[in-house]
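Chemist: Read off the chains here:
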Amino acid sequence: MLYLIVNGGGVISKSLIDQLEKASHEVHTLRLPNVDDSALDFKSYFETFAKSGRCYKNIFIDLTHGFNEINVFNNDALKAIFELERRIKEMLSALKYGAQHMARSDGGRIWVLCLDHSVSMSIGSASNPVTNYAAMAAVQCVAKEVMHFDVMVNLFLIHPPREEADSAEWRKAKNNLHPYGLKYKPQSAAHLCETLHLYSELKNLTTTGALIPLGSGIAIANI
Amino acid sequence: MKAVIITGGTRGIGRAIADAIADKMLAKEPEVDGVRLVVTYRSQAVHAKAFLAALHARGVAAEALSLDLSSISSVESFVCYVRKSFSGIRALINNAGSTDDGSFLTKADDAIDRLVGTNLIGTIRLTELLLPLIKDATPAFIVFMASAAGIYGKAGQVPYATTKGGLIGYTQLLARRLKKQGIFVNAVAPGFIATDMVANLAPMMFEPTLNSTSLGSMGEPVDVAHVVCGLLKPGYVQATTIKVDGGFLR
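Sequence order for the protein chains is A and B. Note that numbering that gives the first Met the number 0 numbers the first sequence so that position 28 is 27, with each residue one more than the last. Note that numbering that gives the first Met the number 0 numbers the second sequence so that position 82 is 81, with each residue one more than the last.
Don't take every hint at face value.
[Said to hold, decoys possible] Residues of chain B placed beyond 12 angstroms of chain A at every Cβ, according to the derived structure:
1) GLY11
2) ALA19
3) SER76
4) THR137
5) PRO233
6) GLY246
[Claimed, not checked] Straight-line alpha carbon distances no greater than 25 angstroms define the calculated SDA-like cross-link-like pairs of lysine to any residue that follow:
7) B:LYS106 / A:ASP149
8) B:LYS106 / A:HIS147
9) A:LYS143 / B:PHE205
10) A:LYS78 / B:SER73
11) A:LYS143 / B:ASP100
12) A:LYS13 / A:LEU204
13) A:LYS42 / B:ASP112
14) B:LYS134 / B:ASP67
15) B:LYS1 / B:ARG82
16) A:LYS88 / B:SER70
17) B:LYS232 / B:ASP22
18) B:LYS242 / A:ILE211
19) B:LYS179 / A:ILE122
20) A:LYS78 / B:THR117
21) B:LYS106 / A:ARG85
22) B:LYS179 / A:GLY123
23) A:LYS42 / B:ALA154
24) A:LYS143 / B:LEU209
25) B:LYS179 / A:ASN70
26) A:LYS56 / B:ALA154
27) B:LYS106 / A:ALA209
28) A:LYS88 / B:GLY116
29) A:LYS143 / B:ASP112
30) B:LYS178 / A:MET120
31) A:LYS143 / B:GLU206
These are calculated hints, taken from the structure and not from any lab test. Backbone N, C-alpha and C define an ideal beta-carbon position, used for all residues, glycine too.
Using the sequences plus the hints, can you model the full thing?
Modeler: See the structure below:
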């Protein structure tokens with residue numbers, strides 16, 4: 000099966016790519032550019048790719064990596080706004096042209112990956128509540144619009160994998176993590192990605208527009 | 000003098016909020032006693048002028064200023080004026096926003112960018128630039144106008160809902176950054192409210208949603224205004240989003 004992973008540089012994407020390739024899938028990756036680079040042109044990318052006569056069956060848009068709102072806003076709010084604007088527009092562009100690409104073929108599945116921002120109150124993982132809630136809203140809307148093209152769009156809200164902090168930091172945070180589990184146990188990226196892999200390979204996916212929590216204990220996914 | 004600022008405060012929900020706050024000012028409620036009400040408008044100066052005259056006739060200290068959230072220079076000019084004119088901001092009600100409904104897959108990129116730039120980025124820019132003045136007037140209050148679409152999603156409103164979802168997230172981010180500084184940050188998420196924004200919609204655009212609510216009818220702007228006013232006092236409500244949607248059953 001053919002996969003596209005947008006922003007495949009983080010630990011979750013890397014682990015997912017490993018698993019997919021071991022399962023003999025073909026995986027393409029697109030890196031989101033740095034803020035000073037020119038924007039990624041999803042329209043051209045998908046148009047050019049479609050000329051090959053092939054279509055992606057799964058697109059993962061990984062928002063778990065490369066941005067930390069709480070840090071950038073604390074350091075330089077105006078720079079943070081610029082970066083945030085770009086991330087939101089890129090996410091929408093990836094959703095729009097990805098869904099368009101699949102709608103013109105036989106459909107497919109788009110998965111948006113977000114990192115649970117509440118756990119970052121306890122460990123130094125990235126916290127992106129603006130991006131996360133924007134993505135949740137976008138996924139729920141887009142899913143309603145493209146379901147009749149057999150394009151399914153869902154979002155995983157993933158607890159930070161064990162690799163996001165060293166073991167001393169996890170130990171230090173253990174009391175704060177009681178709301179998630181009395182003895183909170185972070186999962187490795189590889190274990191978390193087994194679920195992503197599994198969902199992507201389901202013969203009949205019956206879920207669209209869903210916000211799926213993934214990790215130990217309680218993940219926020221609703222208000 | 001301190002200010003209470005309501006963006007998009009001359010029509011619809013914003014106007015209802017301005018009227019409700021004017022009532023509180025006239026009643027000399029402590030959070031707004033002695034403040035000046037600032038309402039902003041983007042393009043409809045005539046509406047703004049008429050509303051301002053009505054406020055003045057009631058004896059409310061108020062002014063109406065032009066502000067276009069999509070324009071960095073307009074936001075900066077507005078902030079510059081506020082800095083010169085006021086010693087602090089008691090409340091910032093981020094109500095202004097626009098919508099551009101239609102199929103997402105065929106929507107022009109420019110139109111998507113415009114909504115993101117106005118509703119989300121423009122609102123955040125304004126808030127960040129005004130933060131020092133808000134910190135000078137504690138206890139102070141920041142309210143964001145989100146939308147039920149930003150919580151549940153709605154077909155035909157992808158960019159709009161995305162921006163409103165983003166504001167829900169920014170409410171949390173800002174509250175977390177401000178911690179215990181005496182600034183209360185919350186959001187309100189209206190469902191279908193009888194304003195100009197929904198006046199031209201075909202019934203099929205809203206009836207199925209209304210049929211899925213407990214109350215089964217559209218809300219009025221004043222319903223939202225009451226909730227916003229309830230957030231303008233110190234308390235234990237922080238970083239949350241209150242739905243004013245007639246009990247959408249999801």
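Chemist: Please go over all the hints and tell whether each is borne out by the structure.
Modeler: Quick rundown of the hints versus the structure:
1. GLY11: holds (21 angstroms)
2. ALA19: holds (24 angstroms)
3. SER76: holds (16 angstroms)
4. THR137: For THR137 of chain B, whose nearest Cβ neighbour in chain A is about 19 angstroms away, the distance exceeds 12 angstroms, so it holds.
5. PRO233: Given a closest Cβ separation of 23 angstroms, the condition holds.
6. GLY246: holds (15 angstroms)
7. B:LYS106 / A:ASP149: holds (20 angstroms)
8. B:LYS106 / A:HIS147: holds (18 angstroms)
9. A:LYS143 / B:PHE205: holds (15 angstroms)
10. A:LYS78 / B:SER73: Cα-Cα ~18 angstroms, so holds.
11. A:LYS143 / B:ASP100: Holds - the C-alpha atoms of ASP100 of chain B and LYS143 of chain A are around 14 angstroms apart, at most 25 angstroms.
12. A:LYS13 / A:LEU204: The given pair, whose Cα atoms are some 24 angstroms apart, holds under the 25 angstroms limit.
13. A:LYS42 / B:ASP112: holds (15 angstroms)
14. B:LYS134 / B:ASP67: Holds. LYS134 of chain B to ASP67 of chain B sits at ~24 angstroms (cutoff 25 angstroms).
15. B:LYS1 / B:ARG82: Given pair LYS1 of chain B, ARG82 of chain B holds - Cα atoms ~10 angstroms apart, limit 25 angstroms.
16. A:LYS88 / B:SER70: Judged against 25 angstroms, a Cα distance of about 17 angstroms means the pair holds.
17. B:LYS232 / B:ASP22: Roughly 15 angstroms between the alpha carbons, so the hint for LYS232 of chain B and ASP22 of chain B holds.
18. B:LYS242 / A:ILE211: Roughly 22 angstroms between the alpha carbons, so the hint for LYS242 of chain B and ILE211 of chain A holds.
19. B:LYS179 / A:ILE122: holds (20 angstroms)
20. A:LYS78 / B:THR117: Cα-Cα ~17 angstroms, so holds.
21. B:LYS106 / A:ARG85: holds (18 angstroms)
22. B:LYS179 / A:GLY123: Cα-Cα ~21 angstroms, so holds.
23. A:LYS42 / B:ALA154: holds (22 angstroms)
24. A:LYS143 / B:LEU209: holds (17 angstroms)
25. B:LYS179 / A:ASN70: holds (18 angstroms)
26. A:LYS56 / B:ALA154: holds (23 angstroms)
27. B:LYS106 / A:ALA209: Distance ~23 angstroms between LYS106 of chain B and ALA209 of chain A Cα, so the pair holds.
28. A:LYS88 / B:GLY116: holds (9 angstroms)
29. A:LYS143 / B:ASP112: holds (21 angstroms)
30. B:LYS178 / A:MET120: holds (12 angstroms)
31. A:LYS143 / B:GLU206: Holds - the C-alpha atoms of GLU206 of chain B and LYS143 of chain A are around 17 angstroms apart, at most 25 angstroms.
Of the numbered hints stated above, none is contradicted by the structure.
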